[in-house]
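Asker: Sequence:
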Amino acid sequence: MSIVQRIGTRLPRRGVRALLACVLTLAPVAVTHADDYVDRVNAPLKAIAKAKRSDLVILPLLAKMAEPPAEIRSVEVSMLLGKSSPAWSVVEAWAAAAPQQAIIEGLNEVTRDEDFRTAMVFAQPYGVEGVSDQPELLSANMFSDLGETPTLAAVKIGYLKSIEKLELLANIESTRLIESGDPIKAIDVMFDFLYFARQMADRPFLVEKQWGMTAMSRSLARIRDLTYLDSKADKHGLKAEDIRAWVKRLDPEKGYLDVHRIRLPEANLIAAEQLITRVTVKGGGTNDEFSIVMAAIAAGDRPLRLLSESAFWERVRTSHGGYFDLMDMVIGKKGDGGVRSDWARRWDLKPFDSLLRKPSDYARNTSKGSKFALLKVSLDGVDQLFDLRKTLMVELVGTHVGISIYGYALQSRGAWPRDVTSIRPYFMDKIDTDPYSSRKNSTLEFFVPTRDRPPQGTRGEEIPFDMRVYPGGKRSNFSIKLYKDTFVLYSVGPNEANDLGNDATQDDTSVNEGDYVLWPPVISLTRKYLADAGQQP
Numbered sequence: 001m002s003i004v005q006r007i008g009t010r011l012p013r014r015g016v017r018a019l020l021a022c023v024l025t026l027a028p029v030a031v032t033h034a035d036d037y038v039d040r041v042n043a044p045l046k047a048i049a050k051a052k053r054s055d056l057v058i059l060p061l062l063a064k065m066a067e068p069p070a071e072i073r074s075v076e077v078s079m080l081l082g083k084s085s086p087a088w089s090v091v092e093a094w095a096a097a098a099p100q101q102a103i104i105e106g107l108n109e110v111t112r113d114e115d116f117r118t119a120m121v122f123a124q125p126y127g128v129e130g131v132s133d134q135p136e137l138l139s140a141n142m143f144s145d146l147g148e149t150p151t152l153a154a155v156k157i158g159y160l161k162s163i164e165k166l167e168l169l170a171n172i173e174s175t176r177l178i179e180s181g182d183p184i185k186a187i188d189v190m191f192d193f194l195y196f197a198r199q200m201a202d203r204p205f206l207v208e209k210q211w212g213m214t215a216m217s218r219s220l221a222r223i224r225d226l227t228y229l230d231s232k233a234d235k236h237g238l239k240a241e242d243i244r245a246w247v248k249r250l251d252p253e254k255g256y257l258d259v260h261r262i263r264l265p266e267a268n269l270i271a272a273e274q275l276i277t278r279v280t281v282k283g284g285g286t287n288d289e290f291s292i293v294m295a296a297i298a299a300g301d302r303p304l305r306l307l308s309e310s311a312f313w314e315r316v317r318t319s320h321g322g323y324f325d326l327m328d329m330v331i332g333k334k335g336d337g338g339v340r341s342d343w344a345r346r347w348d349l350k351p352f353d354s355l356l357r358k359p360s361d362y363a364r365n366t367s368k369g370s371k372f373a374l375l376k377v378s379l380d381g382v383d384q385l386f387d388l389r390k391t392l393m394v395e396l397v398g399t400h401v402g403i404s405i406y407g408y409a410l411q412s413r414g415a416w417p418r419d420v421t422s423i424r425p426y427f428m429d430k431i432d433t434d435p436y437s438s439r440k441n442s443t444l445e446f447f448v449p450t451r452d453r454p455p456q457g458t459r460g461e462e463i464p465f466d467m468r469v470y471p472g473g474k475r476s477n478f479s480i481k482l483y484k485d486t487f488v489l490y491s492v493g494p495n496e497a498n499d500l501g502n503d504a505t506q507d508d509t510s511v512n513e514g515d516y517v518l519w520p521p522v523i524s525l526t527r528k529y530l531a532d533a534g535q536q537p
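If you're matching positions, the sequence shown starts at 1 in this note's numbering and goes up one per residue.
Warning: the hint list may mix true and false statements.
Pairwise CB distance ranges (calculated) [claimed, not checked]: (1) D288 with R364: 25 to 35 angstroms; (2) R364 with A415: 17 to 27 angstroms; (3) K484 with R112: 35 to 45 angstroms; (4) R413 with G181: 17 to 27 angstroms.
Straight-line distance between alpha carbons at most 30 angstroms, and here's what the computed DSSO-like set of lysine-lysine pairs gives [what the hints assert, rightly or not]: (5) K185 with K50; (6) K368 with K390; (7) K390 with K440.
No wet-lab data here; the hints were simulated from the structure.
Think of the CB as a built atom: it goes at the ideal place given N, C-alpha and C, for glycine as much as any other residue.
Please build the complete structure, drawing on both the sequences and the hints.
Answerer: Written out as structure tokens, the structure is:
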């Protein structure tokens with residue numbers, strides 16, 4: 001029985017027709033015309049010159065990409081795979097094939113300019129009109145579909161899955177290069193991907209911004225991982241000058257990556273305004289289309305949820321806020337307040353401002369009751385962007401400092417610095433502070449196992465440092481012994497307490513204690529543990 005038939009057996013005929021009409025209205029069609037709200041989102045994108053649009057280079061290449069082998073099940077697996085993996089020959093051949101190598105070359109092309117004022121931008125406008133002159137992208141679903149009646153809250157970003165596959169390719173290509181003895185090119189590929197992810201973090205929709213920031217964090221961890229692999233090699237392929245050049249590119253304040261230039265997801269806020277005008281009577285309450293439109297948007301690509309969503313929105317309709325309630329909540333009575341203003345104020349505050357410890361206006365007003373349920377469809381997840389940004393900051397600072405320490409050792413014939421400040425001034429002018437520490441000018445914690453702690457045994461023998469690693473997900477926790485052939489670099493983490501680097505817990509959200517260990521990279525430790533246990537993917 002089809003979804004149409006199933007709906008027909010449970011809803012009055014009039015309701016079925018209305019619901020399906022709304023679903024069809026939100027479905028992809030040929031070229032449609034936008035409205036003022038869509039124009040507001042697209043205006044900055046349309047202002048970008050074609051010669052500066054990275055999407056015009058990358059998306060056509062991604063449309064020709066061969067499907068990744070089934071063995072690459074996730075981004076994590078793409079990081080863990082190596083020459084000793086059973087599937088490596090298949091995975092390596094896929095990455096080395098011409099369509100994938102063309103993507104790697106394109107990635108380098110669109111990230112070559114490192115001046116954010118002149119660099120390329122991923123600037124495809126939203127809606128089918130954004131690809132009206134690129135039928136090949138339309139047929140490959142490499143566009144953002146807004147439906148027949150362009151609805152921002154119902155956006156389906158078709159190219160995002162292909163961009164996710166690009167991350168798999170970047171990881172495999174980096175491994176392929178370092179396994180072939182070229183760590184410089186391997187790390188350069190990850191820098192290209194990092195810079196591309198930074199472009200995506202500037203997109204105006206939350207889902208793209210979340211992906212961009214998360215992908216940046218993962219690629220920074222991968223850069224540390226590749227550097228760590230070189231540090232453990234019998235013969236180092238990197239030199240201090242290579243590290244110094246990368247450190248400059250990682251500058252968290254002056255460089256292209258500057259996290260503070262990332263803004264809030266403006267498209268989601270505009271989507272909320274548009275949705276309010278669609279399902280309420282101006283100056284009044286909800287209109288006749290409220291339940292149907294909201295159910296269709298909330299169900300998204302899950303048609304089996306249409307019935308339950310329709311019932312929910314019909315149930316809350318009578319108690320739901322009206323036009324002025326909702327608009328005041330989003331933009332305020334004069335257009336310069338509401339959650340937009342509250343979030344904007346918080347976004348630009350110093351990291352440990354007392355206001356950030358209090359619930360946002362959005363959280364306070366949507367946590368109880370259903371008066372503002374509509375806003376959750378467009379704005380849920382914006383609050384979490386603050387934590388995502390802090391995670392990105394610690395990954396950036398940790399990579400900036402971590403590879404500098406390795407560079408110092410390369411310059412000093414293998415000797416680690418006595419403390420973290422020793423990397424100044426050759427690698428950086430000033431030492432980055434720990435984004436998770438509220439102590440003024442507090443740097444990341446650093447020590448060399450057996451040299452700095454724990455103390456030597458009673459007979460002068462070296463005692464290794466035991467670190468417990470919590471990989472998160474379905475991976476088991478494990479312990480590893482560390483010696484003076486490496487160093488430990490960590491942030492105090494979200495609990496803002498120095499737990500002495502004994503536990504690397506950043507990947508396991510169920511653990512509230514421990515630290516955010518940046519070196520040795522957790523992905524490197526996990527790969528070695530799995531290999532030793534005969535479990536490497």
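Asker: Now, for every hint given, state plainly whether the structure supports it.
Answerer: Status of each hint after checking the structure:
About 31 angstroms separates the C-beta atoms of D288 and R364, a value consistent with the hinted range of 25 to 35 angstroms. Look at R364 against A415: about 54 angstroms separates their beta carbons, and that is not inside 17 to 27 angstroms. Here the CB-CB span from K484 to R112 is close to 40 angstroms, well matched to the stated 35 to 45 angstroms. Distance hint check: the CB atoms of R413 and G181 are about 22 angstroms apart, consistent with the given range 17 to 27 angstroms.
Between K185 and K50 the alpha-carbon distance is near 29 angstroms, which keeps this suggested pair within the 30 angstroms criterion. Between K368 and K390 the alpha-carbon distance is near 27 angstroms, which keeps this suggested pair within the 30 angstroms criterion. Between K390 and K440, the direct Cα distance comes to roughly 17 angstroms. Compliance with the 30 angstroms bound is thereby established for this hinted pair.
The structure fails hint 2 only (numbered hints given earlier).
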